[in-house]
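*Asks:* Residue-level listing of the chains:
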Amino acid sequence: MNIPKLSAKEAEVLRLLIAHGEMYGLEMVQRSTVLKRGTVYVTLSRMGDKGYVESRLEGVSPGDGPPRRLYEATGLGVRAYRAMEHAARIFSGGEVAWGS
Amino acid sequence: MGILNKWKLRAEMKGNIEIVRALARVTSVPSLTETELAEVWVHNRYNVRVRARHILFPVASNACPTQRETLRRKAEVIQARAANGEDFATLARLYGSDPTVPHGGDLGFFGVERMVPSFEQAAFALQPGQVSPVVETPFGYHVIRVEERKHVAMDDREGFRRFLFARVQEEAVEKYLAHLESSACLELQAGAEVVLREMVQQPVKWLQGRAAKRTLVRYRGGKLTAGDLAPVIYGAHPEHLVKVAIASDEALQMILRRETARHLLAADARASKNRSRAIRGNWTTFSHNHIGSAPGAKLLWMADFLYSRKSLEEVLKPTMDDMRVEYFDALSQGRTWKARWVRARGTWAFFSAACRMTVDSVGKAVMWIWRLPD
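For the record, the sequence lines run as chains A and B.
Under my numbering, read the first sequence as residues 1 to 100, first letter to last.
Under my numbering, read the second sequence as residues 101 to 474, first letter to last.
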């Protein structure tokens, strides 16, 4: 059986996307202490391959830079996060361990 | 191809390379800070858009002075009616004669450098609701009314930077060619235009004998012959040749002068052997003379060769874009040191991401080999 696995960074990305909806990579870095500028897109790319997130280029440039990519958690990503959150509660007595 | 022609072709190619080198020397690389870029944007009115209507009274290229005068008077009468408050769109529909007539002469919004200079000057001097005096352009006589005027933000900084860079290069090259023309005392020979017109009508790769030696332009220390010009004409686009064939004598003289300047440029490049002879671009308004590329452009360029399209689009380019967004934000707030720090941090992040991508790829390759059946 292929059980979805989440690294700490992936869990942090999913936590942010579930909490705030669509986000830019840079926004995630600014809102998180775990994610760094050099790793966020590598993580997002991997998560895209696994099907946890999907992305789209914003339609119109905001006027102060090139069009950027917006990321959103997929149904699979949300389920994987909830499952890991549940497992973490069981193992740590109610606390979420990742990204905190 | 005979050995003589091969030699000529090689000489011509060498000449072209020398011209390219010489042009590269005369074009400076202007660089502007973000603040200066914004100043250029506003100072040169790139931020202004005007919506105007016009009524065109076209003048034929072969019109005599009396015909021109008649048209001008007609334009002045219509201008007076428009200035007295008659509906401009109706007047344009009645008296205009260009494709905008069905739309009441409406040209839509346009910015600077979209119209011929005299038209632009008149249109940008008007406020909404004002009607211009009669304006003469190469197309004829115009009466212009400005409908709206608005300001727009610079939404493509890099595009604007590239545009300015190209403009400065072009101006520097033109300036250098004009300098060559004036310093070499060009003297067009009698009938040179006729020869050029004949050559354009029947382009040949090489001229032989006396035809090749026919002098078209003399200059201090040398001459441009029909033989020098033949390969240039032969290599030109057929559409350009058609235009040259029907051009006026004055236009042909200008072409001959410009070709002589290019000829001189090649000779100058050969003589100077890459000696530096830079003439800076006409950038009088601004103190800095260097347009740099966007931060990280070289790194992205190198990454384009080293990484897959997916890695580039999904990881490396967004990392660099983020750095640029923060970098330009810091600069626009005048925080130069923060901008430098952002740039250094962004470069580090870029290398970090690139290393991770490399490790990932190597890891995947190792796993793939590991899983191969024995």
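Derived by calculation from the structure, the hints in this document are not laboratory data.
In this text, all values refer to a predicted model and were calculated from it rather than measured experimentally.
Treat the hints with care, since some could be wrong.
[Unchecked claim] What follows is a set of in silico ranges between Cβ atoms, one per label pair, in the way DEER data are often shown:
(1) A/89 to B/461: 31 to 39 Å
(2) B/406 to A/49: 27 to 35 Å
(3) A/75 to B/437: 40 to 48 Å
(4) A/91 to B/252: 35 to 43 Å
(5) B/429 to A/78: 27 to 35 Å
(6) B/406 to A/50: 20 to 28 Å
(7) A/20 to B/263: 19 to 27 Å
(8) A/20 to B/252: 28 to 36 Å
(9) B/458 to A/8: 19 to 27 Å
(10) B/473 to A/50: 23 to 31 Å
(11) B/199 to A/32: 27 to 35 Å
(12) B/147 to A/33: 55 to 63 Å
[To be verified] Pairs of lysine-lysine, DSS-like flavour, derived with a Cα cap of 25 Å:
(13) A/5 to B/410
(14) B/410 to B/398
(15) B/313 to B/275
(16) A/5 to A/50
(17) A/36 to B/275
(18) B/398 to A/36
(19) A/36 to B/323
(20) A/50 to B/417
(21) B/343 to B/398
(22) A/36 to A/5
(23) B/464 to A/36
(24) A/50 to B/464
(25) B/438 to B/417
(26) B/417 to B/398
(27) B/464 to B/410
(28) B/464 to B/417
(29) A/5 to B/464
(30) A/50 to A/36
(31) A/36 to B/438
(32) B/410 to A/50
(33) B/313 to B/323
Using N, Cα and C, we set each Cβ at its ideal position, and we do this for glycine too.
*Asks:* Which hints, by number, does the structure contradict?
*Replies:* Hint check: 2, 4, 7, 11, 12, 15, 17, 19, 21 fail, others pass.
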